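Kindly produce the complete structure, drawing on both the sequences and the hints.
Numbering follows my numbering, in which position 711 of the sequence shown is assigned residue number 712; successive positions increment by one, without gaps.
Hints may be right or wrong, so weigh each one.
Lysine-lysine pairs mimicking BS3-like chemistry, simulated, CA-CA at most 25 angstroms apart [stated by the list, open to error]:
#: 1; residue 1: K573; residue 2: K557
#: 2; residue 1: K299; residue 2: K317
#: 3; residue 1: K335; residue 2: K41
#: 4; residue 1: K134; residue 2: K16
#: 5; residue 1: K576; residue 2: K556
#: 6; residue 1: K431; residue 2: K556
#: 7; residue 1: K431; residue 2: K745
#: 8; residue 1: K494; residue 2: K526
#: 9; residue 1: K674; residue 2: K745
#: 10; residue 1: K557; residue 2: K494
#: 11; residue 1: K538; residue 2: K107
#: 12; residue 1: K671; residue 2: K653
#: 13; residue 1: K557; residue 2: K41
#: 14; residue 1: K643; residue 2: K530
#: 15; residue 1: K431; residue 2: K624
#: 16; residue 1: K494; residue 2: K556
#: 17; residue 1: K753; residue 2: K431
#: 18; residue 1: K403; residue 2: K726
#: 19; residue 1: K653; residue 2: K95
#: 20; residue 1: K16; residue 2: K317
#: 21; residue 1: K41; residue 2: K664
#: 22; residue 1: K530; residue 2: K549
#: 23; residue 1: K183; residue 2: K130
#: 24; residue 1: K526; residue 2: K576
#: 25; residue 1: K530; residue 2: K170
#: 26; residue 1: K556; residue 2: K538
#: 27; residue 1: K16; residue 2: K102
#: 28; residue 1: K299; residue 2: K14
#: 29; residue 1: K549; residue 2: K494
#: 30; residue 1: K642; residue 2: K530
#: 31; residue 1: K538; residue 2: K549
#: 32; residue 1: K170; residue 2: K538
#: 33; residue 1: K95; residue 2: K183
#: 34; residue 1: K556; residue 2: K753
#: 35; residue 1: K130; residue 2: K148
#: 36; residue 1: K335; residue 2: K16
#: 37; residue 1: K671; residue 2: K753
#: 38; residue 1: K674; residue 2: K335
#: 39; residue 1: K102; residue 2: K163
These are calculated hints, taken from the structure and not from any lab test.
These figures come from a predicted structure and were not determined experimentally.
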Amino acid sequence: MYNIPFVIRRFLKSKNLRIVNLLGLALMFACILVSYTYVKRELSYDRFYSNADRIVRMAVSYDGQQADGRMYGTNFNQILESVSEIEDGLKLSKVTPAILKLNGTKQVINDLYFSSENLFQILDIPLLKGDAKTVFASPNSVVISEKLANQLFGTTDIIGSKIELSGRKFPDMTCSINGVFKDLPDNTHFHTNIIVSETDFDNSFFYAYLLIAKGQNYSQLEQKITDIFLKDNPQRPSAKISLMPMTDIHLHSHVLREMESNGNIYYIYLIIGANVLLFIIVMFNLWLNGTVIFAYNKRYYQLLRLNGASSLLVAKDEFQVVLWLAVTGILIGKLISVFVADYFSISFDAITISEEVILSLLFLFFTLFVSLLPVLLNISSTFFFNDRIDLRMTRFSFSNVKYMLIIQYSIVIFIIIVTIGINNQISLIKNTQIGGNESNIAVLEEQPAEVISNYSSLREELLNHPEIESVTGAMQLPGSAVRDMVGASIDGKEQIHLPVLVVGEDFFSFYGIRLVGGEIFPPLKMTLKEEEYLVFKRMDEKIFSNLKEDIIVNKKALQVFGFSSPEEAIGKEIKIEHGMLDYTQSAVISGVVEDFTYTNVYEDAVPMIILQRNMFMNCFMIKFVPGQENQAMQTLNSVWKKVNPDYPLNYKFLSDSYNVVYKNELNAGKAIKFFSVLCLIITILGLIVFMAFMIKSRTKEIGIRKVNGATNWEIIEMLNLSLLKWVLLSVCIAIPIAWFIIDKWLENFAYKANLGWWMYIAASIFVALLSLIAVSFQSWKAAKINPVNSVKNS
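Written out as structure tokens, the structure reads:
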């Protein structure tokens, strides 16, 4: 029978050590529950599709560069027809944003997809209304999500209803709703509320999925498809096709223009590793405190054995206490897990009750095993032999735990160094990415053509208000890939292809991009309509304008063109060719700017040609005066309604946009910081309580040393010297391991934080000082005890 009063008495007898154990167990179990839920969810992406194990996504890369997630043109159809191992193919094209109009009311759709008609056969998304085989049979068919159906109509019984769609990348269309699909779950690599039927992808970018026959070798299939692609594209001999299983996309994809911001398998490893390290520390404290408690209570067990008690009774007594401690820790941990999950925005929907029970039982087993190990190993010492009866309390030896202490402190120092390294990289990201440190920039992504035509009026109206600091535009937002290319040649030399970025007025001053030579763009001389007229004239009549356009290049482009300095490039005439940009073929380099990170820190700055136009102002950027954000938002809303009354305002802050791009790094920084704090707290608390017991067992020794003339500082030095020695050894172990791990992690970035030696030394000194302060307080108390009382009471 479970003896609760006995358990409580035993708990209170060593309450400090027991409380440290209980705290560690509760926090550890909370972390296990939350981490297990997160990891399970991350690993479950797209596995619910019945053909998930046979669906791959195809991408193409050139010259060994990072692949674009999308395909272009007709090669996809040729591949489908030529490769017998491919059973079917799916095309998906993403448009962001689009405008949906119903009964005269417009709303923004952020993620609209065009799809080939076999979507629901390959990705068996459940349809609440409609037939998967015929839902896309007719032109301009559309299926919408259950959520959008209820939002628009208040019901899902809407087959045959009409909606109007418009967007910059497709003509206005009236669509018939032929189906309603069940809302896509969180654990899929793309999400949408509306999908439109499309048959012609020949002149558009799309994501290409292949349904592969079972048992295929992906490497061989990649080579076979690459050979077919090269045969149809001999002008791109460096092209390489890659196939990624759909179930790997979320954690392993590193393509440009991904559908959504994905996870990263390395951060799964990070979470698992952090849990393992914390588990080691908690279990070490459990074992250490169990050893101390057993040594402290050894005289009690010897008396029990002297009176005929069996060794089983000794184990049973400790088992009752440990079982109560473990169960209580699990219950408290379950409660704490709710707050931890909320802190990391994690839902427990992914974990079942049976899984929680299994985790609890496993955790209970390890807790009982580690806690009872000191009892089982030392139970023979409780037996009295006739020739050796000793009722003195056994002194605990520090040497018994020195190796585990070294491991524990190595873990703490290691995880703190990694935390500093990740935080430094996050700081570098913010400082490197243009606008990364500013929270007062609102951005409007991919506006419709009618809104783009009103950009100049919107900008002029906004700048009339003092709370609006600056307004500019660009063909795309910062953080996205710059891969639109122009052909450029100088002095009749061979043409080279460079990325082009089209920007609006004041772009460089808006982001503080430094000019290193020449001049910034002058104010625009033509209107949007005049620019469009010249483009259409060139396309229809093959007539180029005689205008000479100013362009700006970055320093990387100077190297590509072969210039040795900005001064050498200024004034040079360049011939530009691009289907939609070259209404004039003559451009002059008017300025050179520093290399700036417009894409992301995963890739180095690209050589770039920058044009200033009214055309292609797809994205707007508005900087508010710091401290006047609320008034600026009111101004933006009122001016928008005045200039674009027929279109809803759809904006976000640039900082939020970057948070999506770098969500893995931010989450990793948040998680590792959380685990480092837990490790440090549990380690220091365990050390304080352990030292208190160790000092208590050495009270007589301290008294004798003081009687023989030892000073208080000599006593403190004696008690602290061993600790300092083992902490220094831990530093020597932790630093090279931490350096290796951080260096490998930084390989993912083109821009890397400079992690100087100070980071490693500072982390080590911090842990050592914190430990010494905690222990020195205990040592000082022991040193101040009256030596006569110390000897008499021992």
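Structure-based check of each hint:
1. K573 to K557: 16 angstroms, holds
2. K299 to K317: Holds: K299 and K317 sit about 15 angstroms apart, inside 25 angstroms.
3. K335 to K41: Given that 25 angstroms is the threshold and the Cα spacing comes to 18 angstroms, the pair holds.
4. K134 to K16: Since the Cα atoms of K134 and K16 sit roughly 68 angstroms apart, the hinted pair is violated (cutoff 25 angstroms).
5. K576 to K556: The given pair, whose Cα atoms are some 19 angstroms apart, holds under the 25 angstroms limit.
6. K431 to K556: The given pair, whose Cα atoms are some 21 angstroms apart, holds under the 25 angstroms limit.
7. K431 to K745: It holds: about 21 angstroms lies between the C-alpha atoms, which stays within 25 angstroms.
8. K494 to K526: 30 angstroms, violated
9. K674 to K745: Roughly 19 angstroms separates the two Cα atoms, so the pair holds.
10. K557 to K494: Holds: K557 and K494 sit about 19 angstroms apart, inside 25 angstroms.
11. K538 to K107: Distance of about 34 angstroms is beyond 25 angstroms: violated.
12. K671 to K653: 23 angstroms, holds
13. K557 to K41: Distance ~43 angstroms between K557 and K41 Cα, so the pair is violated.
14. K643 to K530: Holds, because 21 angstroms separates the two Cα atoms, which is no more than 25 angstroms.
15. K431 to K624: 17 angstroms, holds
16. K494 to K556: 20 angstroms, holds
17. K753 to K431: 12 angstroms, holds
18. K403 to K726: 10 angstroms, holds
19. K653 to K95: 19 angstroms, holds
20. K16 to K317: Roughly 19 angstroms separates the two Cα atoms, so the pair holds.
21. K41 to K664: This hinted pair holds, its Cα atoms lying about 18 angstroms apart.
22. K530 to K549: Holds, because 18 angstroms separates the two Cα atoms, which is no more than 25 angstroms.
23. K183 to K130: 9 angstroms, holds
24. K526 to K576: Roughly 20 angstroms separates the two Cα atoms, so the pair holds.
25. K530 to K170: At roughly 19 angstroms apart (the allowed maximum being 25 angstroms), K170 and K530 satisfy the hint.
26. K556 to K538: 34 angstroms, violated
27. K16 to K102: Distance ~68 angstroms between K16 and K102 Cα, so the pair is violated.
28. K299 to K14: Given that 25 angstroms is the threshold and the Cα spacing comes to 13 angstroms, the pair holds.
29. K549 to K494: With a Cα-Cα distance of about 19 angstroms, the restraint between K549 and K494 holds, given a limit of 25 angstroms.
30. K642 to K530: 23 angstroms, holds
31. K538 to K549: 17 angstroms, holds
32. K170 to K538: Roughly 21 angstroms separates the two Cα atoms, so the pair holds.
33. K95 to K183: OK: K95 and K183 at ~19 angstroms, within 25 angstroms.
34. K556 to K753: 20 angstroms, holds
35. K130 to K148: 13 angstroms, holds
36. K335 to K16: 22 angstroms, holds
37. K671 to K753: 19 angstroms, holds
38. K674 to K335: 21 angstroms, holds
39. K102 to K163: Holds, at roughly 10 angstroms.
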